[in-house]
Structures are given as C-alpha cells and as structure tokens.
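*Asks:* Sequence:
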Amino acid sequence: MSRKRRLAWMSFAIAAVVAAWMAPSMYRGWCNAKRRESSAQCRDALIHQRWDEAESIAERWSAWDPQNGEIWQYRAQAAAGRKDWPAAAKFLWRIPADDTRAMQAMIEVSKLSFTHLNDPLQGVEACERILKIAPLAAGAHQQLIWFAAMTLQREKLLQQIRSAIRAKSEPREAYVYFFLADTMRSKVAVKLNERWMQSARDAETFQVAYALQLPDIEVELAGSSTANSAEEMPNVPAGRSKRELVDELLIRFPHNVELLAFKAEERISAGDVDGVATLLSQAPATAQQDSRYWRIKGWLHESANELEDAAADYHRALELFALDWNTMNRLSVVERRRQNVAEVQRLSKLVEQAKSIRKSLRQLSAVEMVTPEILVELAKFARDCGDKDVGPALERRLSGEGSR
Numbered sequence: 587m588s589r590k591r592r593l594a595w596m597s598f599a600i601a602a603v604v605a606a607w608m609a610p611s612m613y614r615g616w617c618n619a620k621r622r623e624s625s626a627q628c629r630d631a632l633i634h635q636r637w638d639e640a641e642s643i644a645e646r647w648s649a650w651d652p653q654n655g656e657i658w659q660y661r662a663q664a665a666a667g668r669k670d671w672p673a674a675a676k677f678l679w680r681i682p683a684d685d686t687r688a689m690q691a692m693i694e695v696s697k698l699s700f701t702h703l704n705d706p707l708q709g710v711e712a713c714e715r716i717l718k719i720a721p722l723a724a725g726a727h728q729q730l731i732w733f734a735a736m737t738l739q740r741e742k743l744l745q746q747i748r749s750a751i752r753a754k755s756e757p758r759e760a761y762v763y764f765f766l767a768d769t770m771r772s773k774v775a776v777k778l779n780e781r782w783m784q785s786a787r788d789a790e791t792f793q794v795a796y797a798l799q800l801p802d803i804e805v806e807l808a809g810s811s812t813a814n815s816a817e818e819m820p821n822v823p824a825g826r827s828k829r830e831l832v833d834e835l836l837i838r839f840p841h842n843v844e845l846l847a848f849k850a851e852e853r854i855s856a857g858d859v860d861g862v863a864t865l866l867s868q869a870p871a872t873a874q875q876d877s878r879y880w881r882i883k884g885w886l887h888e889s890a891n892e893l894e895d896a897a898a899d900y901h902r903a904l905e906l907f908a909l910d911w912n913t914m915n916r917l918s919v920v921e922r923r924r925q926n927v928a929e930v931q932r933l934s935k936l937v938e939q940a941k942s943i944r945k946s947l948r949q950l951s952a953v954e955m956v957t958p959e960i961l962v963e964l965a966k967f968a969r970d971c972g973d974k975d976v977g978p979a980l981e982r983r984l985s986g987e988g989s990r
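Count along the sequence shown from 1, then add 586; that gives the number in this note's numbering.
Among the clues, some could well be false.
Stated by the list, open to error - Once the Cα atoms are required to be at most 20 Å apart in a straight line, the calculated DMTMM-like pairs of lysine to aspartate or glutamate come out as:
no., residue 1, residue 2
1, Lys-669, Glu-714
2, Lys-828, Glu-780
3, Lys-849, Asp-860
4, Lys-935, Glu-905
Unchecked claim - Pairwise CB distance ranges, derived in the manner of DEER restraints:
no., residue 1, residue 2, range
5, Arg-829, Thr-872, 22 to 28 Å
6, Thr-686, Ala-786, 32 to 38 Å
7, Gln-925, Thr-864, 31 to 37 Å
8, Ser-749, Glu-892, 34 to 40 Å
9, Ser-749, Pro-840, 29 to 35 Å
10, Ser-985, Pro-870, 36 to 42 Å
11, Glu-892, Ala-786, 42 to 48 Å
12, Gln-745, Asp-630, 45 to 51 Å
13, Arg-748, Glu-892, 28 to 34 Å
14, Glu-830, Arg-748, 21 to 27 Å
15, Leu-984, Ser-749, 16 to 22 Å
16, His-702, Val-859, 49 to 55 Å
17, Ala-871, Trp-650, 23 to 29 Å
18, Thr-872, Pro-672, 32 to 38 Å
I should point out that these hints are in silico values taken from the structure, not numbers from a laboratory. Even glycine gets a Cβ: it sits at the ideal position worked out from N, Cα and C.
Could you build all of it, start to finish, from the sequences and the hints given here?
*Replies:* See the structure below:
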C-alpha cells in the first residue's frame, strides 16, 4: 500500500475514533436541547389550555425518553385539563419512584382515586408508595388509618396506627380509632362503602363494612360506640333487615372475621353456646391474632364453668389488645366467681373508665374533633390498662414531644 493510501486510511480511522468518542456527547447534547424545547412547548400549551397539543408533544417526547418523569407529569396535566381522570392517574403512575416528582404525583393519584375515580384501593396503593418514598408522610398515614377504619379492617387499622406512631406521624384521631377498634360504626362509612361497592374491586371488604355499619333498631344507640353519633344513622335497605344482610354475606364469605365476630356476639347475647362454637370453628387461623377470638373462646369456657381456661383466654385477649373493655367486663365476671375481689375491683374501675370515654366520644360530631381532655382520659386509660405502645405515644404527644 502506498504511503498516500496509508495516510488516508489513518486519517479515516482517526476520524472514526473521534466521531465514536464524540457521538455520545453529541447525542446527549441533542437530547438535552430537545428536552428543553419540548418542555417549553408543553408548558406553553398547558398555560394556554391547549390540552391536546400538550399531550401530542409529550407523547412524541415519551417515545425516546420514557424514564423522564417530567413527560408523564405534563401528560397527566393535559389529561386533567380534559377531565380524563383515568388517563391522568395512569400517567402519574408512570413517574419513576426515584424521581423528585413521584411523591407529589402519588398525592394527586390518591386524591383522584378517592374522588373522581371512585377507586379507593388505587388510592391506598398510592399512599403506600408515598410511605416508601417518605416514611414520615403524615398525610399518607392519616389516609390509610381513615380508610381502614371506614372499611372495618380492624387488623390493618391497628397495624397502621402502630406504624404511624413509630414514625411519630399519627393524626390525633388515630387514638380514637384505636380505642374504638371493636365498636367502630359510622353513618359516613355506610355511605362511603355503598359508593365504593360500585368500584367492584374487593367487593367483600366494602359489602361487609356497609352491612355491619348499618343501624340495628333493636340495639339502643347508647350501647354502641360511634364515630358520628351526632348524625342520624342511615336507613336499612327497604324490605331487608341488617341481620338478613349479614346472614347472606356470611354464606358468601364464611371465613370473614368481621362477620364471624358480629354473629358470635349476637349469639353470645342469646346464650347460644352451640351457635358460638360453630362460628368460632369457621374462623381462619389468622384470627388467633385477634383479641376477639380469645374473648369468644373464653366465653365458651365460661359457659361450661371452666373458669381457669376462661380466665386464661381472656388474659390472652388482653395481651393482644390491652384496651379491650369488653374482655375486661367478661373477665371481671369470671374473677368474681373465683372470688378474686381485688382483681374484680381493678377490672371494674377500668370498665367504668372506658364507659366514661365512650360517653364523651358520643358527643363528638366526628373523631377528628376529639378534644385534648378526651385524649388525656384515653392516655390514662391506656396506661392503667398496661398498654406499652399507644399509651406512651399519646402521653408523648400530649406533653408536646413530636407535636406538629
């Protein structure tokens, strides 16, 4: 090969190497310039409410830059401008979790899900994602606690409250929900669950919560704690009683813990030992982590005059849920029969404290309106019950530590 041709090949090779070395930098430069241009065009279109134009620009942009959260934010804004709420939520979900926009995006998804979309489970998912990004996010904790309370998901409610307390991000009403975990009833919840049933997702949860929170005309209002007792309770669907609805649901969902607990208490009131035993046998294995399981089991032993076993089961119930005044009441009966006078006096005093708190709560229009005076009563009750989590947390809050 001639010297001239060698020089030509060397020049070509050097040019190729330089081009290869410069290509990524040039491409990045082109991408950055294109991003700035597209972003400016999207903003201008959104400012002037040209929703379709903004969507078109952002869609083309997303074809080559799909991991850019800014794009999905613009597409969500354009969809919201057109009132296309499902599309807005879908685009917000596309924002990567490590993007600085992700948390605000999930807040918007939660709002949309609980309002326009009527998809509360998507709202719950959004709140859970928020807590993965920011574990101290008080708003997400509050929304999850509220949702669990409205849908009578007792175990989730208690877990979420404890999680919020550990993060020192619990709303003040969390302590009321905790206290009322076994007796939560709300007119608002009936209406919410009736609407959520239309979403057709997790129908069991919504149907059960709807039925159990309907009014029971055979039970005096004073006998049941309520989160909204100042409001008139809704009517039962025409031609069907609450008990009929519950019985129908129990046939469909024979292992639902909330239905079983409700029916068991009903049978206990009627003194139906066999009926209670049958219901207890239907409980799933996970129910053994529920204080109500041991309270019901204790009642069966008590009915059979097996007082030692009854006391053991009632104590197990209180280990799981120290504020369970219903169990305290049953245990005091057993201890009276066992002639444990001091224990009867201690338990009776706690039951009276609980009654006083319930009376105060019934005067509230909503749990969010709980007063500092009631919270002081709750803190004392929790301390006297030996609770090691909620009681100290409430005292900390009342003393001003971790206040928001």
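*Asks:* Provide an ascending list of the numbers of those earlier hints which the structure does not satisfy.
*Replies:* 1, 14, 17
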